[in-house]
Amino acid sequence: GNSVTQMEGPVTLSEEAFLTINCTYTATGYPSLFWYVQYPGEGLQLLLKATKADDKGSNKGFEATYRKETTSFHLEKGSVQVSDSAVYFCALIPINTGTASKLTFGTGTRLQVTL
Amino acid sequence: KAGVTQTPRYLIKTRGQQVTLSCSPISGHRSVSWYQQTPGQGLQFLFEYFSETQRNKGNFPGRFSGRQFSNSRSEMNVSTLELGDSALYLCASSARPGQGEQYFGPGTRLTVT
Numbered sequence: 142g143n144s145v146t147q148m149e150g151p152v153t154l155s156e157e158a159f160l161t162i163n164c165t166y167t168a169t170g171y172p173s174l175f176w177y178v179q180y181p182g183e184g185l186q187l188l189l190k191a192t193k194a195d196d197k198g199s200n201k202g203f204e205a206t207y208r209k210e211t212t213s214f215h216l217e218k219g220s221v222q223v224s225d226s227a228v229y230f231c232a233l234i235p236i237n238t239g240t241a242s243k244l245t246f247g248t249g250t251r252l253q254v255t256l
Numbered sequence: 112k113a114g115v116t117q118t119p120r121y122l123i124k125t126r127g128q129q130v131t132l133s134c135s136p137i138s139g140h141r142s143v144s145w146y147q148q149t150p151g152q153g154l155q156f157l158f159e160y161f162s163e164t165q166r167n168k169g170n171f172p173g174r175f176s177g178r179q180f181s182n183s184r185s186e187m188n189v190s191t192l193e194l195g196d197s198a199l200y201l202c203a204s205s206a207r208p209g210q211g212e213q214y215f216g217p218g219t220r221l222t223v224t
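Chains A and B are the protein sequences, given in the same order. When we follow our numbering, the leftmost residue of the first sequence carries the number 142, and every step to the right adds one. When we follow our numbering, the leftmost residue of the second sequence carries the number 112, and every step to the right adds one.
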């Protein structure tokens, strides 16, 4: 089956520090990969995506590269802000799912950024 | 464009009762998926509806059901509530099935006592 593994949190960083949140996946074929973010008291928001190997998704200073050889999609940001404090979810959807929109999520990684 | 809306936002029910949650997708989106989020199990897929038909179902008991109306609004129902059903229920919409780019509502926080 499909699965996503994320590093355990919480991750605590000082403002302007470099962020990496690791994500690896198991899937049949080559899925599309996503990072979603959940701020306190809210639903999930799509942060970035990549649909094929070597694609780099980017948004709001965050980046992640689809690495087929290591089945990874690590999230990075060069300089975090307090406003980035949230829970980050790595997710996948298999390619050629037909009519299925089922996202498989990792367990989430809580990021806390302090001044 | 208005986002995905869910009602109610908070709900407290007693064991054995039933509950209905509502979701209105983004205008023009015809696919609606439901997810359950709990601290222990994380985010788990419940089911997906498109054109008033259930297209996919997760591994949940039959007490969990849903439907979709002709205007794409969706409802989910949980009967004979158990304490373990306490969770945040998230609805997500997309233009069509098979899309990983989904737009989530704020969720309904259900507490079963």
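Treat the hints as calculated values from the structure; they're not laboratory data. Even glycine gets a Cβ: it sits at the ideal position worked out from N, Cα and C. One or more hints might be untrue.
Which bits of chain A does chain B cover? Going by a derived footprint, with three or more residues having C-beta under 8 Å, they are [as the list claims (entries may be wrong)]:
1. 146–159
2. 181–188
3. 242–256
Quiz item: Broken hints, numbered, in rising order?
Solution: 1
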